[in-house]
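A.B. asks: Quick note, the sequences are listed as chains C and E, same order.
All residue numbers for the first sequence refer to the numbering used here, where the first residue is 6 and numbers rise by one.
All residue numbers for the second sequence refer to the numbering used here, where the first residue is 6 and numbers rise by one.
Read the hints as simulated data drawn from the structure, not as lab findings.
One or more of the hints may lead you astray.
No distinction is drawn between identical chains; accordingly, a pair holds when it is met within one copy or between any pair of copies.
Unchecked claim - Think about it this way: if two alpha-carbon atoms lie no more than 30 Å apart in a straight line, the pair counts; the simulated DSBU-like pairs of lysine-lysine are:
1. Lys211 x Lys19
2. Lys147 x Lys304
3. Lys208 x Lys19
4. Lys183 x Lys289
5. Lys115 x Lys304
6. Lys170 x Lys208
7. Lys115 x Lys289
8. Lys289 x Lys28
9. Lys302 x Lys172
10. Lys170 x Lys28
11. Lys172 x Lys36
12. Lys170 x Lys183
13. Lys202 x Lys304
14. Lys202 x Lys19
15. Lys183 x Lys21
16. Lys21 x Lys38
17. Lys38 x Lys208
18. Lys304 x Lys183
19. Lys111 x Lys19
Nothing here was measured: the structure is a model prediction, and the numbers come from that model.
Number of protein chains: 2
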Amino acid sequence: MAVNRQILLVETPKGKLAPEHFKLQNGEMPKAKDGEVLLRNRYISLDAANRAWMQGATYREAVGAGSVMAGGAVAEVVESKAPGFEPGDLVFADTGWQDYAALPAKRLLKVPKIEPMTNLLSIYGIAGLTAYFGLLHVGQPKEGETVVVSAAAGSVGSIVGQIAKIKGCRIVGIAGGKGKCDWLKSELGFNEAVDYKSGAVFKSLKAACPQGIDVYFDNVGGEIFEACLAQMRNRGRIVCCGAISAYDGPAPTSGPRGVPGLIVVKRLRVEGFIVMDFYDQSMKAIAELMAWVNAGKLKVQEDVIDGLENAPKALIGLLAGENRGKRMVKVV
Amino acid sequence: MAVNRQILLVETPKGKLAPEHFKLQNGEMPKAKDGEVLLRNRYISLDAANRAWMQGATYREAVGAGSVMAGGAVAEVVESKAPGFEPGDLVFADTGWQDYAALPAKRLLKVPKIEPMTNLLSIYGIAGLTAYFGLLHVGQPKEGETVVVSAAAGSVGSIVGQIAKIKGCRIVGIAGGKGKCDWLKSELGFNEAVDYKSGAVFKSLKAACPQGIDVYFDNVGGEIFEACLAQMRNRGRIVCCGAISAYDGPAPTSGPRGVPGLIVVKRLRVEGFIVMDFYDQSMKAIAELMAWVNAGKLKVQEDVIDGLENAPKALIGLLAGENRGKRMVKVV
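All chains, full assembly: derive it from the sequences and hints.
C.D. replies: Printed below as a string of structure tokens:
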């Protein structure tokens, strides 16, 4: 119990993220001060955004070289010096990549004890809420519209597609590789899937969306954003959720062609969001997601990697598109 | 009366628009068929969008080589073979660059006889309505916010700035040259003006907007769009009205850096519009614009060039940023 394993980011990557940018060390056991809570990590969420945090300040401060790698997790309260938290409670918090963390109570979000606990990081966690609010509140798809989502086999994309389907949309996923594309159609009910690794995305997308795109849920930016932008219908909406293509390397020196020209001509709305902005509406969203899961309309996709020590490799793999559904690390 | 002077677009320009792309010819006098109206042009509107129409289909079909140059105008009814139109009535229509045109009644918009008639193309025409709807309906500025507008001395920009001021915003214009910048501040009440021809736009903009930008009304695209995007505040709005920088030459092969990354991180809304989409609300907008003009809160800026034969030169000059306020050609 006296050892707290930690994974440090030892160097800010310039190009692609690699194992040597991380180091596992045995740190000291943290202690909870007054107003704080000592937490034992259970599952750590892995997200493309983790890589973006290394590039500089975003909606949060940058993760600098020499610090414990940041990351959200479901953790269990071990000891509490703050009112409202008891040993055994589960919380969601940015604990970082380590076994234990002592954090002020105000930085913790108490979560219910549901089984499996992993669902707190997938469908009822950031991934599910990001898909829910991004698609429904920002994208506002109408029945019969064509919705395209990129990184469609990922944690958010796989849920976006299924919710769009529930809402009566025609849903087209963009993913890397035939395996993922077949899976999107056969397992998750996507109408079409475009394999961006198989060549001309623009043409395949055109074949998959002969009427054009009403809502594009963008997780990747770059060339795929450009191909979708060019195929938007008048008054279409582009939901800007992330830009995976730009995270794992130096910042791009230019953006997609057609900005702002096509936005004007087609009267598009291109809108970004961060899931935290919608947290005050979480309960309603979780209730609706639960109803869909229980009715068998929404399949939960999880990809659990065992062992804190495997977090770096798991994140590197996620950036390369290895995962299907929500990837996380089981700490204990 | 038997001659109809017409200006043809004789060649689709590849690079910059030049006088040799046009030709003045004496065409035949058009005749109104049943359901049509014969019009005598009075004032032809010149707009950056005229150049974009030559690049291909936009929200309208392209203007091809060999056809009379397209353009909106205020024209007088000479002869009517359609119910609802009488000789002497004024209409707004896409007559093209010529003395006379015969058009179906359904393509005409009857306009009131106000003095000066030129106001029908400036403050109470497309320029005024574009500024009004784009700023208020799309940009939705709040009192105390910082609003930036590019092509600020142009027909739309000069009105956007003044309306933002009326709404209690801090208003910063971007324009080319010290003369225009001084004029924006001394004549139109802009708080600050940035001369994009004097060097580093990013730095000057930063000095003019130390708190960042809440609403950016974009008329130009390109580098200025990029500089503004990087300085938007969280939850800012970018109104995409036009992309002058991209019209007079080959289409750009890339777009502004920071798309979509900054749109996500700052939760921006980037939205395009075409003024026609708001025509059903024109009467209310014109009434409000008139009240501001009559109260001396909104100055009308017009730049009238005499003679149909001067239209090509006047459009080329407009693309080079020659004009202050609404440029138009007086036909008769």
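A.B. asks: Run through the hints listed earlier and report the numbers of any the structure violates, in increasing order.
C.D. replies: Result: hints 4, 8, 10, 11, 16, 17 and 19 break, sorted rising.
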